[in-house]
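Student: Hey, can you work out the whole structure from these sequences and the hints?
Protein chains: 2
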Amino acid sequence: MARRQTREHIIAEADRLFYESGFETTSFADIAAAVAITRGNFYYHFKTKDEILSAVIKKRMADRLKMLEAWEADRTPSERIRAFIEILITNQTKIRAFGCPIGTLATELTKLNHAARGEAVALFDVFRDWLGRQFFDLGFKARSDDLAMHVLMRSQGVASLATAYNDLKFIQREVEDLCRWLDAEVQSLNEK
Amino acid sequence: MARRQTREHIIAEADRLFYESGFETTSFADIAAAVAITRGNFYYHFKTKDEILSAVIKKRMADRLKMLEAWEADRTPSERIRAFIEILITNQTKIRAFGCPIGTLATELTKLNHAARGEAVALFDVFRDWLGRQFFDLGFKARSDDLAMHVLMRSQGVASLATAYNDLKFIQREVEDLCRWLDAEVQSLNEK
DNA sequence: TCAGGGTTAGGCTAATTGTCCTAATTAGGT
DNA sequence: ACCTAATTAGGACAATTAGCCTAACCCTGA
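The listed protein sequences correspond, in order, to chains A and B.
To convert, note that position 127 of the first sequence is 127 in our numbering; the numbers rise steadily by one, no gaps.
To convert, note that position 109 of the second sequence is 109 in our numbering; the numbers rise steadily by one, no gaps.
Among the clues, some could well be false.
[To be verified] Facing chain A, according to a computed beta carbon distance under 8 Å, are these residues of chain B, among others:
id: 1; residue: E20
id: 2; residue: T25
id: 3; residue: L112
id: 4; residue: A115
id: 5; residue: D146
id: 6; residue: S160
id: 7; residue: R173
[To be verified] Non-contacting residues of chain A with respect to chain B, defined by C-beta distances greater than 10 Å in every case (computed):
id: 8; residue: A32
id: 9; residue: I37
id: 10; residue: R39
id: 11; residue: F42
id: 12; residue: T48
id: 13; residue: A55
id: 14; residue: D63
id: 15; residue: K66
id: 16; residue: F136
id: 17; residue: Y165
id: 18; residue: S188
Keep in mind that the hints were calculated from the coordinates and are not lab data.
Yeah, the Cβ is synthetic: ideal placement off N, Cα and C, and Gly gets one too.
Tutor: Right, here's the structure in full:
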């Protein structure tokens, strides 16, 4: 197999398994089986489970940054925020089955008192900062971060209940409600 | 030790540990150490770990039902909903450290594909149904369940981000915002 | 062709897991 | 005080865990 390809393969499968089954529950054996390599080989690529976790978080961060950058090309700030909100629709199948990949990981690492907890929260920061910039560009100034947190909060809440109830209509209803909220905020700002 | 007292002690410690560290991560040894009994004795009270989990969920449900019933004594429906929202303030220390006991358990059991997942979601139903009844009594009729889900959703979202950022001011701000939303909904209903 | 480094397989370890059994101890009712 | 049933202690069980080592492989460049 070509150079470093196995490593990328391990990270991809670990990413999936950590999301679907949780970090603690997923064992070396599980990942090795998914990648179709032996556990011994594993050690060549990653010395510890924590190293894999760090690599997975790094990959998740790179993926999200790439997605957000792509949205900056030809959209207005409101359209970008709306695109973020609609991730809940785009990824609804996985969210209903496993929740939000970022929120559930951060929660798990907090309960484990894991050293990588900060890295997981940094994933939240990617969205928080990006949303904050969009609100700032809309003219919300000092309120921008609060509004970013509000959008993030509602995304997390929707994901949590969508997982519990596996309810698509609930997601659609709350996404619409959040978009209405966004329009109302923007309008009331411009009326001033 | 008096009859069945050890059993209650085990359930209480398991409840705490499942909340603070997660179900999967907490071992028999952990619980036994917390209760100060040997692992052998454990088996007399609970045959399997799943039996403990069921007992813990049952206890959590009883605790919540008792709390909700107490609120029904001398409050209006709006005051009751507000009391629910303010759990986020009352329990802010634990929520910032470990998240929502119901949401995090439901998420974990979903990822584990655990048989008790349904029981954990039934814990959500306790709040969902109760909130729905309060909204119904306020006159929201068919919208009651949607509004109940909305309140539940925002509680989950606040708990999730409060855990990630360990941010008390964020909780206070969002609790105020949610109360304002509640007042606005009630007012716009009564204006009709 | 062949040497060398990147890559892999297989197996070992010590610790921990949930589960289970049995003998000893304790407490309550008579 | 004594008997019985409830409770506890201590250890054994196979399975699984993360981590580690070494020998063998195979691809590539000289």
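Student: Now, for every hint given, state plainly whether the structure supports it.
Tutor: Cross-check of the supplied hints:
no. : hint : result
1   : E20  : 7 Å, holds
2   : T25  : 6 Å, holds
3   : L112 : 6 Å, holds
4   : A115 : 15 Å, violated
5   : D146 : 7 Å, holds
6   : S160 : 4 Å, holds
7   : R173 : 7 Å, holds
8   : A32  : 20 Å, holds
9   : I37  : 24 Å, holds
10  : R39  : 21 Å, holds
11  : F42  : 22 Å, holds
12  : T48  : 17 Å, holds
13  : A55  : 20 Å, holds
14  : D63  : 19 Å, holds
15  : K66  : 22 Å, holds
16  : F136 : 18 Å, holds
17  : Y165 : 7 Å, violated
18  : S188 : 13 Å, holds
Hint compliance for this structure: hints 4, 17 are broken, all remaining hints hold.
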